[in-house]
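Chemist: Okay, here's what each chain looks like letter by letter:
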Amino acid sequence: MAVKAENKIRRVKLPGPVSFLLNWSRKYSLWMFQFGLACCSIEFIASAMPKHDIMRLGVIPFPASPRQADLMVVAGTVTDKMAPAIKRVYEQMPEPKYVISMGSCANCGGPYWDSYSVTKGIDQILSVDVYVPGCPPRPEGLLHGIVRLQQMIQGEDISEKWRGSIGKIPQVIGTGRAGGI
Amino acid sequence: MEVSERFRRSSERVEPEAFKERISSKLGDIASGAEVRNGQVWFQVPPERVADAARIVKDDPDIDCGYFNFLSAIDWQDDGFEVVTLVYSLTYAMTVAFTARLPKENPSLPTLTSVYMGADWHERECAEMFGITFEGHPNPQNLYLADDFEGHPLRKDFKLASRTYKPWPGAKDPDEAGGR
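Residue numbers (our numbering), protein chains in the order written: chain G, 1 to 181; chain Z, 182 to 361.
Please keep in mind that the hints were generated in silico from the structure rather than gathered at the bench.
Be aware that a few hints might be false.
Some, not all, of what chain G presents toward chain Z, calculated at C-beta under 7 angstroms [what the hints assert, rightly or not]:
hint, residue
1, 80
2, 81
3, 113
The C-beta atom is built at its ideal place from N, Cα and C for all residues, glycine as well.
Generate coordinates for the entire structure from the input sequences, incorporating the hints supplied.
Modeler: Here it is as structure tokens:
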């Protein structure tokens, strides 16, 4: 009986309007946790300040704790020594959670591609939703990345996501030109 | 030294050459090959006597290098290692550097932490990056590298894993760059 009920739940799809409303409200209230590690962090801060004003996109920066956050932006150079801390913070965030990898270092190691201490891409330790290229990306780059993430959230079927059957498809924005999108 | 005495001495102008002579006479047989480079006094000390040299350089009122600047090493590959210690005299506004030559195999040096507390982290960094043992160090652990890191990354023979499949695209030496 229990098995049958579980199967039933598994097959249930959220009605379109409910899914739309849920996703619409989720994508415009992203609590964004900052993991600023290097110069990308400065661009990140600039995007949260009045000129670029990330809050107009419905993103709330600087929550008190990763436990309140929906989105983590890893901005900067991740070293092998720092990687366990990032993983731990990521694991503290409640589901559904998203990660933006900001800048070349977090994407793939960037200028430290041959370093002995730098992790070549944070996607080795956690799943990344949007990669923002640039060294560092301009605040507009991060804003573009967030818009892409919001598009992704809007298209999600949350019941699928909670069942864990959905494979995350990473989004890559831009052309790889330094600082541009 | 009294503060007033230090203040009086700080108003004297000391030439690097004269300072070099002063160091040579105070250190005696500990120092060898003293010379002035870019206004700094450089000399060599035997590895086992670096702490003695540091003690004199720090405590002698005529040298008075109370400010520890940095300690690091140079990898001369087959010719071993050279540990460079830079200290500064606030009284005479003079930089003093002393070097100790170590063998390639099992390089080790007595610690300077009993003389200069500030040498602690510099020696830890030097130890993990070059594989030089500092005997008598109070806390000989890795400073920057992870505890399970293998190898000594600032040694010239350290292999960077990424470069084994993609060589360094530029010139390693300015001479090889062809005057670009």
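Chemist: Each hint should be assessed against the structure and marked as holding or not.
Modeler: Do the hints match the structure? See the list:
Interface restraint check: residue 80 of chain G against chain Z, minimum CB-CB distance 6 angstroms, threshold 7 angstroms, status holds. This hint holds: residue 81 of chain G has a C-beta 5 angstroms from the nearest C-beta of chain Z, less than the 7 angstroms allowed. At about 6 angstroms, the closest approach between the beta carbon of residue 113 of chain G and any beta carbon in chain Z falls short of 7 angstroms, and the interface hint on this residue holds.
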